[in-house]
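Trainee: Reassemble the complex: the two chains are provided individually, in unrelated frames, and hints are given to aid placement.
Protein sequence lines correspond, in order, to chains A and B.
Residue numbers for the first sequence follow my numbering, so the first one is 1 and each next one is one higher.
Residue numbers for the second sequence follow my numbering, so the first one is 1 and each next one is one higher.
Bear in mind the hints are in silico, worked out from the structure with no lab data behind them.
Using N, Cα and C, we set each Cβ at its ideal position, and we do this for glycine too.
There's no promise every hint is true.
Restricting the straight-line Cα-Cα distance to at most 20 Å, the calculated cross-link-like pairs of lysine to aspartate or glutamate (EDC-like) are [unchecked claim]:
#1 219/B with 111/A
#2 390/A with 218/B
#3 160/A with 218/B
Facing chain B, a subset of chain A residues (Cβ under 7 Å, in silico) [what the hints assert, rightly or not]:
#4 173
#5 178
#6 179
#7 180
#8 182
#9 278
#10 279
#11 320
#12 389
#13 390
#14 400
Chain B stretches covered by chain A per the calculated footprint, using a threshold of three residues with CB under 8 Å from any CB of chain A [to be verified]:
#15 94-103
#16 161-173
#17 228-239
The chain contents come next:
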Amino acid sequence: MGLITRLSLRNLFRQKRRNLFLGAAIAFGMSILIVANAFSHGISDTLFNKMIVFIAGHMEVDVIENGRFRTPVMRDRAAYVSLITSNISGLIEIKDNLSTTCRGIGKGKSDLMVIVGVDINMNKLSEDERNYFSLIGGSYEAYHDRSVVNPIFITEGKAKSLGVTLNDQIRIRLQTVYGQSQTAMLTVVGLLKSKNAYMDFAVYLNPTDMKALMGLRPQETGALQLVLKKPKSAIEQANHLHDILTSNIAVIPSNIAGISPNWVMCLKQKHHASNTTLNAAWIPLDMAQTLHLTTGNVMSLTHAARFERSPIEWTLNVVKIYDNRTYKLPTGTILVLDQSFYKEYYANIPPIIPSSDLLWATLKQSPFKANLGNDFDILPRSSTTKEFTKRMKDLNNEKSGVAYIDVRTMYETASAVVKMEGVLNMVTMIAVLVLFFIILIGVINTLRMTIRERTREIGTTRAIGMQRRDVLMTFVLETFFLSVFSTLSGVIVGLLIIAGLGAITIQTDSFFSILLVDKHLHFVVNPITVIMNLILIVTIAVITAYFPARRAARISAAEALRHFE
Amino acid sequence: MKRIMIPVLLTLSFAAQPSVLNMMQKLDDLQEMKSDITAKVKMTQQKVDQSPKNMTMVYYRRDQDDAFLILMTEPEVEKGNGYLKMADNFWMYRRNTRTFQHVNRDESIGGSDASADDFEKRKLVDLYKPEIDIKGKELVAEEKLGDIPVYKFKLLGKVKDVKYPTVVYWVRKDNFLPLKEQSYSLSGTLMESAYFLKYTTINDRFVWIKGLFVDEFEKGNKSLVEISGISTTKLDDSIFTKSFLENLSK
Numbered sequence: 001m002g003l004i005t006r007l008s009l010r011n012l013f014r015q016k017r018r019n020l021f022l023g024a025a026i027a028f029g030m031s032i033l034i035v036a037n038a039f040s041h042g043i044s045d046t047l048f049n050k051m052i053v054f055i056a057g058h059m060e061v062d063v064i065e066n067g068r069f070r071t072p073v074m075r076d077r078a079a080y081v082s083l084i085t086s087n088i089s090g091l092i093e094i095k096d097n098l099s100t101t102c103r104g105i106g107k108g109k110s111d112l113m114v115i116v117g118v119d120i121n122m123n124k125l126s127e128d129e130r131n132y133f134s135l136i137g138g139s140y141e142a143y144h145d146r147s148v149v150n151p152i153f154i155t156e157g158k159a160k161s162l163g164v165t166l167n168d169q170i171r172i173r174l175q176t177v178y179g180q181s182q183t184a185m186l187t188v189v190g191l192l193k194s195k196n197a198y199m200d201f202a203v204y205l206n207p208t209d210m211k212a213l214m215g216l217r218p219q220e221t222g223a224l225q226l227v228l229k230k231p232k233s234a235i236e237q238a239n240h241l242h243d244i245l246t247s248n249i250a251v252i253p254s255n256i257a258g259i260s261p262n263w264v265m266c267l268k269q270k271h272h273a274s275n276t277t278l279n280a281a282w283i284p285l286d287m288a289q290t291l292h293l294t295t296g297n298v299m300s301l302t303h304a305a306r307f308e309r310s311p312i313e314w315t316l317n318v319v320k321i322y323d324n325r326t327y328k329l330p331t332g333t334i335l336v337l338d339q340s341f342y343k344e345y346y347a348n349i350p351p352i353i354p355s356s357d358l359l360w361a362t363l364k365q366s367p368f369k370a371n372l373g374n375d376f377d378i379l380p381r382s383s384t385t386k387e388f389t390k391r392m393k394d395l396n397n398e399k400s401g402v403a404y405i406d407v408r409t410m411y412e413t414a415s416a417v418v419k420m421e422g423v424l425n426m427v428t429m430i431a432v433l434v435l436f437f438i439i440l441i442g443v444i445n446t447l448r449m450t451i452r453e454r455t456r457e458i459g460t461t462r463a464i465g466m467q468r469r470d471v472l473m474t475f476v477l478e479t480f481f482l483s484v485f486s487t488l489s490g491v492i493v494g495l496l497i498i499a500g501l502g503a504i505t506i507q508t509d510s511f512f513s514i515l516l517v518d519k520h521l522h523f524v525v526n527p528i529t530v531i532m533n534l535i536l537i538v539t540i541a542v543i544t545a546y547f548p549a550r551r552a553a554r555i556s557a558a559e560a561l562r563h564f565e
Numbered sequence: 001m002k003r004i005m006i007p008v009l010l011t012l013s014f015a016a017q018p019s020v021l022n023m024m025q026k027l028d029d030l031q032e033m034k035s036d037i038t039a040k041v042k043m044t045q046q047k048v049d050q051s052p053k054n055m056t057m058v059y060y061r062r063d064q065d066d067a068f069l070i071l072m073t074e075p076e077v078e079k080g081n082g083y084l085k086m087a088d089n090f091w092m093y094r095r096n097t098r099t100f101q102h103v104n105r106d107e108s109i110g111g112s113d114a115s116a117d118d119f120e121k122r123k124l125v126d127l128y129k130p131e132i133d134i135k136g137k138e139l140v141a142e143e144k145l146g147d148i149p150v151y152k153f154k155l156l157g158k159v160k161d162v163k164y165p166t167v168v169y170w171v172r173k174d175n176f177l178p179l180k181e182q183s184y185s186l187s188g189t190l191m192e193s194a195y196f197l198k199y200t201t202i203n204d205r206f207v208w209i210k211g212l213f214v215d216e217f218e219k220g221n222k223s224l225v226e227i228s229g230i231s232t233t234k235l236d237d238s239i240f241t242k243s244f245l246e247n248l249s250k
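Bound conformation, chain B alone (with noise of 0.2 Å):
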């Protein structure tokens, strides 16, 4: 019954256009999970004249206590690293030297482009406004992403302490999931676009399962994140732990 009530609600109640406010918490909604998560999450990164760099780490998660962990399993230089962050806290450790560090919030992780203030809990209506026109009439376009029919709509960050100060977001008309998302820096370059390529739902949630970062900046730099062997079974609290990668070490 409920596998049923579902789509013919949503159906219903995305007829009219909806405000970019209520996809904006749409899009805060689907960031929020309710259970714990497990996932493991391959990275291919692909850097202008260098090889492809391939990075697999395990993902645990717990939004209710803003908590996770990351551990990375390959490559092997990397094995046995991690990432713990607990709130406001974050932690970096290192296997070889068995040492936590904090992170600041603009040091890059694991030597990619995602920083520590990515990972902050920070909901998307607290950080941006719709874009408006002179009569004060949010702007949302209405578009097809090849086949799929999409609202695009354009973001202005409301604080200053936002990495892109402009994006650009394309929403599936039927189920509201983003497709595709366009950041722009403060003096307005396209600095990246992300591509969410394949979606999957784990209890009756969507979850994007493959995405594409495309760094438009520096041509020809790009991350492949693919997102694996996701459950949602409850994780123990001794995995949010700093002696949880220790032990891992030994």
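If we strip away everything but chain A, and leave its shape as in the complex, we get (with noise of 0.2 Å):
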């Protein structure tokens, strides 16, 4: 065998300018395919590791009331902390997702922004972040100065639109959570190098200030982002922490002086006429006649809220009263619209009722439990960004007030950026494989043109006692030969490319601008690619070798002798 592979190598260096024109020409291929290959991959890590997942995290929750699904609200946010903390392997951590657009106006310049909560500690942040959030004026330490008014990092691009530098203010107008109009003074802190395109639409602010803001109490956020280990497995992992969600009936355990226990829970408007009363409420006969209260009449209670010390008052309008010997719902249960209901759930979230309460049990009998509403919905997974799209939109139809939980992953909310660098895989490939059609009919080309010049030392070496099988090896072996070093040539070429682009600064503010880091073009080179690349390349030539030179093995070594041109 050694024999035969130097034989290979030195065939191979026999016929150098043509085996040089095409090796150069697979170089040529192998260093196109690593470049496309990189820049695909650099354009899904621009838009997954250094986009959406700062905007979205690779995994989110939300809480979405009264179909405003661009503010979530997550009312417990430790709750729902608890939840994922014990239920979700592999995670890194849990970021708040508190951001709003707003309108800035700085120095005789207005802009739409997008103001992002962000707790911007070095000390804390990954080495992306870290990078993401480098100051090219200000401090960190001024973004914590609670002795300034709403201190924010923005970007120069940023402060550009808006004619601001550091230590001037933007004055903002944005919406609460609830959609009351709000007004703020921001201070610049800290002016970052702008990273990409959509880096330039926001401004951060601390999370405190900006709960403030939003209208959001300390145990509040508005949604959780959720980093992981491994980016891959959040499909499979939000698949899971949907599936062991459970909705429970909604019950506020109230207080009604000399009635002891009751509750308020909520009646479905759908599955009755519908009633625009405020706060409108179905009672019990027997606590109608205890209260001496009829249809019409006002009640006042109160109910224990579980962020709350004192109890929160409640003054609910009788429309109903209803025979509790149908309903056989737990005694002293008010029902009350669910719109209203909701309002008041939500606002001030009631104390956790132990599941081992008779309550659950007596609930659990009731023929009229169907009509009573649940203290969240949750959302089915969608697959895809259109499908995502448009279940938030429908989101629109729901008027009880329930809140739908959500739980998605970047794949579907961004759907679009991997069907595009699948897209452009796909591209790349074909119009490589092309280019490698083209090469490899030069591989069979040159390798007819030598075997036919070779045939009388084919003949030669055969008469002296060379098999036929090491005559067909020899060929093989040549262009694997010649594949391997092409290939690996055209791995270096490709790197110097990617090298060299990725060097060019790009001053653009057009939307390509989004797929540049830092300016630059963003290449990510994955060695395991290049690996499998590189043994396609090679097993594509060695294959189309091989039957020209079994074709060369075959011929009798008397006939190969005869042979003269």
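Mentor: Set out below in structure tokens:
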């Protein structure tokens, strides 16, 4: 075998010019493949890992009230954090999604911008995040300075569009999570380098001030974003979390003097005649008799709230008195029509009722339970961005006021990016395959010429004892070495092209800028992909060489020696 | 007889200073139309560093069904587009694509500052409460707006989902028509001033026909709204349907 290898290598260098051209063609094809793959991986890396993960994390859990999907509100952050940490594996971080679009007025200029509530603590940030928040002016300390009014970090691009610089103030108007008009003054304490066009939409404010601006209380947050060790496991993890979420009948334990126990539950309005009375309530007959109430009367009660020390007062308008012998609801159950119920329920989340409480067993037996509203509903998982967008829009049709939980991953919210990467890879692959088809025709042609030129040599070697198999192997190995050297050269050339293109600074404000990182093209070379491509090309070359080589091996020694050109 | 009696009764009933709650109810009544309404609405929008933008639309309204339909007639690019509200459902119609899209309650309408929740049929008395002093007495001031004597009172949001948590009204003393309204943000910044410049009577009810809405946050932005061609003729049920807008595009 050593002799065959030496022979193959010697033959390879015998026809230097021909093999050099053929090798250059293979190397060119390989370098194009390397550059194109690195570019498409770079785009998806930019969009997923440098953009979407900052916007939505690998996974996101939202609670949407009143169809306001752009401003989700999570009323009990700690409960969801606990649920996530105990059920999601490979979790790196849970981030609060606190962001809103607003109008900002700087120095004589105004612009739309997104304020993002983020804790920029250099000791806690990842390498990527530290790089993302690199300052070109101002200080990190000022970002947490409580004596400064709403300290913000802003990119140089956004600062320019608002005509502001360090220590200037920006007036903003926004809407709270309840839709209330809100205004505030922001102070620029840090200027950030614009890494990409997306970054130029945003300004960054610490989460505490952001919550206050959005009308969120300390225990609340917008949504939770999860960063995972294995981003590709996001769909599996999201499905798991979605499966374990279960809703219960919404119950507010209440207090009415002289009546114990008593509860307020939600009556789904779609099952009953619409009633526009605010805080419209159905009360049981025995309660009506005890309290001397009738329809049209007003009644007051108090209830405890999970995050309030004092009891909450609630005034209800009695619109119906029901007979509990039919409904078989727990004793002392007041039914409040859904829209009013949910307003109170979410504004003042009630304490958790233990699952061992008799109430649940009674409710389970009640023939009326289908008419009672849940504490939340769970949206089905979306598989594409289109499906997700439609689902969010459809929430406008939901009038009961119940909150919806949505568990999503970046693959659904940005399925277009996944598709784009796939399409880019496919286009690259087709172009490269066409290129290789042409190159392989060159390989076949070269081999045929070589075999023809070396027919007498084959005859001589066969006459002195070389076996057919050895002849075949000589040609196959020659092509193997040629393709290996060429593809390796192609990899080196490709890497050099990548380094060259990546070094060019591109100044553009067009949509294309969204694909740039630090104003440079971003390439990600995946070693596994490179090795796979290398193996693929060498295999194709060897298979292509096999058939002409086999023909050469089949020629008899006498016939080969007779060959003359 | 009716023409004589109504002003007399109004004068008698308004002799004493009314409560703010009472005035709020009157403002709510003013909004409520018993009959169907058709009107032509012209909106001239002025934004900083931009030339004025004119929009005209035909407005069909039926309060008893909480329904209205807005059909854009100008500018050309908006012509045929529209909005349809039926009870809790609010759609936007696009002529080019012939599609209806549900409008989220915080979405802007026709690129203006108005959002879908501005069109929700919610009463002032359900949303706001009068400002009171430490003794619990409603605060009402008597002022003059130009030459016209007015009551001025401040309302505070009693629910959280109101666009402006504080509003101040100036209403005429003689007939309680609002002449001016100022809206404040949660942090107390003046956001918008509305001036109701001209009223007309339709079926013995007052309807404002010229209003100026000034953006106080971004100075220089303002919208002038003029309403004309008001008719109270009963409208065909088919107007408040999706197919009405679709048929107009054919």
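Trainee: Tell me, in ascending order, the numbers of any earlier hints that this structure violates.
Mentor: 2, 10, 11, 12, 13, 14, 17
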